[in-house]
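> Sequence:
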Amino acid sequence: MIKLIVTDLDGTLLTDNHEVPDRFWEITHRLFKKGIKLGIATGRPHFSITEKFQSIVSQLYCISDNGSLIVHGETELLSKSLPPHEIEALVMAARSVDNAWPILCGRDQWYLENSDDALMKAVLAYHSNFRIVDDLTKVDEAVLKMTVYDLAGSEQNSCPQYKDFENRLKVAMGGAKWLDITRTDVNKGEAVQILQSLHGISADETLVFGDFMNDYEMMKTATYSYAMKNANPKLIEAANFITDKDNNEAGALDVIEALCFNS
1 MIKLIVTDLD
11 GTLLTDNHEV
21 PDRFWEITHR
31 LFKKGIKLGI
41 ATGRPHFSIT
51 EKFQSIVSQL
61 YCISDNGSLI
71 VHGETELLSK
81 SLPPHEIEAL
91 VMAARSVDNA
101 WPILCGRDQW
111 YLENSDDALM
121 KAVLAYHSNF
131 RIVDDLTKVD
141 EAVLKMTVYD
151 LAGSEQNSCP
161 QYKDFENRLK
171 VAMGGAKWLD
181 ITRTDVNKGE
191 AVQILQSLHG
201 ISADETLVFG
211 DFMNDYEMMK
221 TATYSYAMKN
231 ANPKLIEAAN
241 FITDKDNNEA
251 GALDVIEALC
261 FNS
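Each residue of the sequence shown is one higher than the last, beginning at 1 in full-length UniProt numbering.
Just so you know, these hints were derived from the structure itself, not from any lab.
Since no wrong hints were added, every one of them can be taken at face value.
No farther apart than 25 Å at their CA atoms in a straight line, the calculated lysine-lysine pairs in the DSS-like style are these: (1) K3 - K52; (2) K52 - K80; (3) K3 - K245; (4) K52 - K33; (5) K3 - K33; (6) K121 - K52; (7) K245 - K52; (8) K177 - K163; (9) K163 - K80; (10) K229 - K52.
Pairwise CB distance ranges, derived in the manner of DEER restraints: (11) T50 - K121: 19 to 27 Å; (12) S202 - K33: 20 to 28 Å; (13) V20 - P83: 29 to 37 Å; (14) D204 - D244: 16 to 24 Å; (15) I56 - L198: 13 to 21 Å; (16) A203 - D140: 34 to 42 Å; (17) V133 - K33: 44 to 52 Å; (18) D117 - G35: 45 to 53 Å; (19) N240 - N17: 23 to 31 Å.
Fair warning: this is a prediction, and the values are worked out from it, not measured in the lab.
Heads up, the beta-carbon is just placed ideally off N, CA and C, and yes, glycines get one too.
Please build the complete structure, drawing on both the sequences and the hints.
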């Protein structure tokens, strides 16, 4: 019996237009009625989750910034920020990459130092809670994650620039054009395990969904680990199952209905 469901957002639960499928709301009502716990695990910031799921956010386990922050209702279960002494080097590395822009992710807003049209379009597709500053290295706030928006593609363009950081920080592709940097002890899989331990839930009672490499560790926490039909090939290899339909066809919701309501 499934007792915990944790799903990624972009490319997984949401459509390519970043929309929540209409039937999600009725399904969540049925899940909560059965006592099944639901978590959102995303590279997005916490405030983006609360904006998109305002009507049910008090019942969700909100895992934001790839696991840097876990919040349930008004209770903060975990918060892990990047070491302050690493910020300058991380920002400088991004500045040296053509067609790429660094973004510092605080709990309450993002920080950018450029208002380029391509960057603004990408950021506004997710939320409008950001601030443009002159110098990111001068931001005086805990940084949960640094992300790089890479117009040329994160895997080939910006990721190689961060090879020297991989022995002390977690570097993961959050999407085709997004590169995410967090602490080494931060990932979505660790967050799922915290929820499992908190509630005495086993891997056999856990269902997870993802589409990109920042979901990799999460695939290892559940017997019912699903990569989306549209997922990165490497993530498909890591998952135990693949959805029959992609994110635009609500493939994750089909699986939830089959495993939680029809079995």
